[in-house]
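Protein chains in written order, with this note's numbering: chain U, 2 to 380; chain Z, 2 to 380; chain L, 2 to 380; chain W, 2 to 380.
Please note that a few of the clues may not be correct.
Remember, identical chains collapse to one label, so a pair may be satisfied in a single copy or spanning two.
[What the hints assert, rightly or not] Capping the alpha-carbon separation at 25 Å, the derived lysine-lysine pairs in BS3-like fashion look like this:
#1 Lys50 / Lys67
#2 Lys221 / Lys264
#3 Lys143 / Lys298
#4 Lys264 / Lys298
Worth flagging that the hints you see were computed from the coordinates, not collected in a lab.
4 protein chains.
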Amino acid sequence: MKQLRVGLIGYGFMGRTHSNAFRKVNNFFDVPFQPVLQTICARNEDRAKAFAAKWGYASAETDWRKVVESPDIDLIDIASPNDTHAEIAIAAAKAGKMVMCEKPLGRNGAESEAIVDAVEKAGVANMVWYNYRRVPAVTLAKQLIDEGRLGRIFHYRAKFLQDWTISTELPQGGEGLWRLDVNVAGSGVTGDLLAHCIDTAMWLNGGIDEVSAMTETFIKERMHTLTGEVTPVGIDDASLFLARFNNGSLATFEATRYARGHKALYTLEINGENASIMWDLHDLHRLQYFDYRDEGKLRGWKSIHITDREHPYMANWWVPGLQIGYEHTFIHQVADFLTAVGGGNTPSPTFRDGLATDDVTDAVLQSAASRSWTKVKTR
Amino acid sequence: MKQLRVGLIGYGFMGRTHSNAFRKVNNFFDVPFQPVLQTICARNEDRAKAFAAKWGYASAETDWRKVVESPDIDLIDIASPNDTHAEIAIAAAKAGKMVMCEKPLGRNGAESEAIVDAVEKAGVANMVWYNYRRVPAVTLAKQLIDEGRLGRIFHYRAKFLQDWTISTELPQGGEGLWRLDVNVAGSGVTGDLLAHCIDTAMWLNGGIDEVSAMTETFIKERMHTLTGEVTPVGIDDASLFLARFNNGSLATFEATRYARGHKALYTLEINGENASIMWDLHDLHRLQYFDYRDEGKLRGWKSIHITDREHPYMANWWVPGLQIGYEHTFIHQVADFLTAVGGGNTPSPTFRDGLATDDVTDAVLQSAASRSWTKVKTR
Amino acid sequence: MKQLRVGLIGYGFMGRTHSNAFRKVNNFFDVPFQPVLQTICARNEDRAKAFAAKWGYASAETDWRKVVESPDIDLIDIASPNDTHAEIAIAAAKAGKMVMCEKPLGRNGAESEAIVDAVEKAGVANMVWYNYRRVPAVTLAKQLIDEGRLGRIFHYRAKFLQDWTISTELPQGGEGLWRLDVNVAGSGVTGDLLAHCIDTAMWLNGGIDEVSAMTETFIKERMHTLTGEVTPVGIDDASLFLARFNNGSLATFEATRYARGHKALYTLEINGENASIMWDLHDLHRLQYFDYRDEGKLRGWKSIHITDREHPYMANWWVPGLQIGYEHTFIHQVADFLTAVGGGNTPSPTFRDGLATDDVTDAVLQSAASRSWTKVKTR
Amino acid sequence: MKQLRVGLIGYGFMGRTHSNAFRKVNNFFDVPFQPVLQTICARNEDRAKAFAAKWGYASAETDWRKVVESPDIDLIDIASPNDTHAEIAIAAAKAGKMVMCEKPLGRNGAESEAIVDAVEKAGVANMVWYNYRRVPAVTLAKQLIDEGRLGRIFHYRAKFLQDWTISTELPQGGEGLWRLDVNVAGSGVTGDLLAHCIDTAMWLNGGIDEVSAMTETFIKERMHTLTGEVTPVGIDDASLFLARFNNGSLATFEATRYARGHKALYTLEINGENASIMWDLHDLHRLQYFDYRDEGKLRGWKSIHITDREHPYMANWWVPGLQIGYEHTFIHQVADFLTAVGGGNTPSPTFRDGLATDDVTDAVLQSAASRSWTKVKTR
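Start from the sequences and build out the full structure, keeping to the hints where you can.
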């Protein structure tokens, strides 16, 4: 089997999920490539080496430019903080490498547009890690919608609720906390959590036409780890918006890190004329489905335990009844990427799909700032 | 409309549910009788009078024999402790009254048999208050089974879990606690809770052939309210049994008052070749249904919110989505009783049905005592 | 006990829930009045008489003015369509009667203001039937919030989802369908469903400062029953809004009759610094509670089965584990009304509370029309 | 790090779960060994080679004796059908290898006893793969019980429900179906499914004293794949039993492959004086916990989402809210095995623990055959 040598930039939470995916994919999926964990790159040499040892990377590096330019690398995988995405991705594209990038693609649409231009000009394979499309339940939802089972869509609603930043003691920035630093992250929950909701929503229900949003920063000042000083918090702690999709359906979206009791509760629901679908990340192995065409007295919400061979991706795992978890979405994404690239197809979500999501988050932030309905940029 | 004058014996928990049923039935159901709350009978005169005032009974009485013999009474409704059922019911039958009786019918099969003989000889309408048959979700389960949707039945399981007698401080006997006094109650959870499970089970799945049971009294001695002395507890605190139904299906049954966290968790499940059904009393307005004939990738347990007009009894209540509660099962039972009697039909469960359940509880207690598989008496 | 003679205007769905409440309250609650079902009033004489017979009203009437002016009536209860509320309520107040009125109080703030002026000028007891405050689980939520258990509030979200008007075949207006006729109803789901969400929200979380809303009428034309002609639909089928409460918390609200699979799914959630609460109408006998102060490894959402004696109103019903239903909220409301009036206190929600909700729904409709953030009127 | 060279016998479902565990453990856990996938052994050479390629085994072998005797192997891992366990395990012990073995250990207590004797005589590390102990929720249950939170235990109930053999078309025996062949499997659901329930139960609640059981073979004859002939089915399709634990608590156990709608629904519940616990495999990342010592009005079942750092094993995975799945239980088991062995401790469950479970399943089968209460063998 053909090898595909991976250079991973970033060793945090996402560095782990990606490494695991590259390392496991061939055990479970028949794909035309064998990913090779070639190089891990991180600014801190000790950590890079420790990570390489833990995961079996052949080498560790501290300068991402060397990785991008190395002839030993086929694919650059970007799992470093958001403020590094554009520079690395553009350089990788110019070097002719395939590029995978964590979401959000850029810190805003302008950054993302530059990235998209670079990969499209270079003609290199690219994919943004909106992994929730590959939760089998969500993929099944997509199938059901594509099969026309829902009929005309009236409503979409999504939320992503967390509660990990409620404490005023939490600093902003620094190791593991760059998501609280607006300069690094670009925004708060809008780019971190809503971006996931928006990507899935547009995949399932098409483009978004306009939004009316509000954001809030509940804790106004936090100590910044790098300076030790208490400074204003620049990110949005919560972001809510109303939207109208191009297909005429109405939507509410909400993300927050101040919803006590919810750790990573990404929920989505879509209501059609004939059927409706619900899903949530805290029980990601289930899909709720209601079909009005069922016999009257037996209508109800069905909880489908997504562990059967008929379910997307599941024939590759265990036996019916035995659930998989979060990390598997990344494995599915790698499998689909490799299959597409091997077959000469375009793996999705592409960077251009990632840009489309950034256009919506830009509109959300702009609407919140201007307190007015805002059109999503069309390209 | 024809009036039907009720003489109620007993003013406790069940006295209230019955009174409420007689008082409300005409507001919601078109039935051929108007029940009239004629006489409430209780040993304590003050309580009888207070109850009469609260519920609108025309008179209060302390001697049940007078009620039974009164020409102003058409129906004797027995809601007094178990040790009084046989004497009152037999007298009522002899007096030519219709008779309704709380469950269990007698404290054992022998008592129940005498009662059945009396009503059948007198030819009077009779009904035992196994009210859970009239939970709309349970009635729907019966319909689905009768329609043959489940196919061959393999398994039945039921349990009734409570936790209200765990404290050693609780006395046995006395006001509101006669269920702990074996002389009054006849048995513990076997007659109180398992009897419900068994009545529903035989209604849904046919007769029971044989059982293997175990019982336990966890707290061996309690103060007896009437004597003030600490004496051995005679009732069973927990009762579990395996069973084989006449149709070849296998079953587990369990009842206890020592299952911390469960207040009145009556659950039942039936597994057929093609479909399965689950229900529980803590969410009595829902029925869980699984149909294997559904499309493969969409198979799952459907939670049917039993509040639609197509659902049993529900067209008589509110609008879809709005649930009813526990007390409504008694109203349904009265409605069905009045309709049957008015139409010259036999309302069920009859006393004979109640006897059949007592035959099973007798077998359960006998099996537990003898530590052996025990055949249920066939009549 | 003192009698309180009720004159009910309207015999529809709400006429039934109110009649049931007046008829049952004394069986379960010790209150200082005995409501008497004196007169039912409806435009159609036959229906009024049939209703009187079914519920035991002493008389039936077709002219509400006669009822309002009758010396035999102490309390006018308005359960007729929204366009009749103001005229009847004002007349009743002028006649010195106590007045209860279905929600929304008026078709808009202006109508409601006139009603409020009338009752306050007359000094008569008044109450608007926002019955969901009296779901025991919701009342418990109020207690928990009042006890300060949640800490600073960050988020509130509520929705009321139905699916009964999706068919294009459904006419607007006429018997049982006046909620689809904008002239009668005043608005669509905004006044019908969102009003419930808003009343509860302000009760639990205080006043609302401003909103950004969107509404939609999915089916633009329907046959009008009264004329037989297909005419434009004037009501909103769906209404969604973002809000900021006076306490700084953020909110999403949504109501629709186009959410396939939901019959009357009113859900609410409130997230505080220390604890969060969730509730939904499809399982109204449960409250979900999360407390961050629980021991770390044992934190979780607790499903509280609201059937214990410690729970609001529940000591008056059955025994732990046995649920009540929708209709009981009206009984609780009558009980509280009678207790307050008997004790010389003001029963809530008052008409002034009802006006406050109408001010919010006015702002919602105005925001949707103007596509801009709109301040809620302060009085 | 020290290498530990694994020789795996068997390449089926369990061969995959074990290989995955050995391959991933070092990526997530700091353990004193690095497992090396040295040799896979299977009777069919092509399949052995294909499996080796898929999982990265250094070599493939068809004769397990060669693997057992190979100096390149430190640990023999037995994942082949039940009828091979004893012979391989005993040989491995004699060869001085560490031995891990799939459950049940032997086809009956006699076989298991011989295996235990062999490993104890050889003094080699040994472990039986009762993987469900390492579901983090189940491990947490064990902690809570060990901390004494439940108080005196009254009840235990467990069931393992499947529905995959209902079709009469399914053959017995052959590739992937040896679990239906009594000669290979030893028994049906008793050894396959109940064994899991029993192992967990005894771990959580101590030894079982006696049982009363019933078994059933619903489909009496099936085509045997190896002979092509229709022959009697020797396995039990369903197995139910009542039990009394040594601590006096009462139990029901049930396993079946005829419970339509359940794919692998292993559920357990334990009720103590003060607290109760529930868990099920279909939502393995949750634990239900009820504590009576909670404040009265706030008592309820808490659904704990077992994804926090405080939860067993979870600090090694992702971030709060993100669930793991079935396969992780095997990784945890390998991690614990390696840690114990590295630290000179005994990893559990040992083969002796596996024997204890086989003693119970023997008693169950004997009780079902003799239709009598049967004592579990004590050793």
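Should Lys221 paired with Lys264 be assigned to within, between, both, or neither, using CA atoms and 25 Å as the limit?
Classified as within: same-chain Cα gap 22 Å, cross-chain 41 Å, threshold 25 Å.
Cα distance capped at 25 Å. Does Lys264 pair with Lys298 within a copy, between copies, both, or neither?
between (37 Å within a copy, 14 Å between copies)
At most 25 Å between CA atoms: does that hold for Lys50 and Lys67 within a copy, between copies, both, or neither?
Answer is within: at 16 Å inside a copy they meet the 25 Å cutoff, but 38 Å across does not.
Go through the copies and call it for Lys143 and Lys298: within, between, both or neither, with a Cα cutoff of 25 Å.
between (27 Å within a copy, 13 Å between copies)
When held up to the earlier numbered hints, the structure conflicts with none and fits them all.
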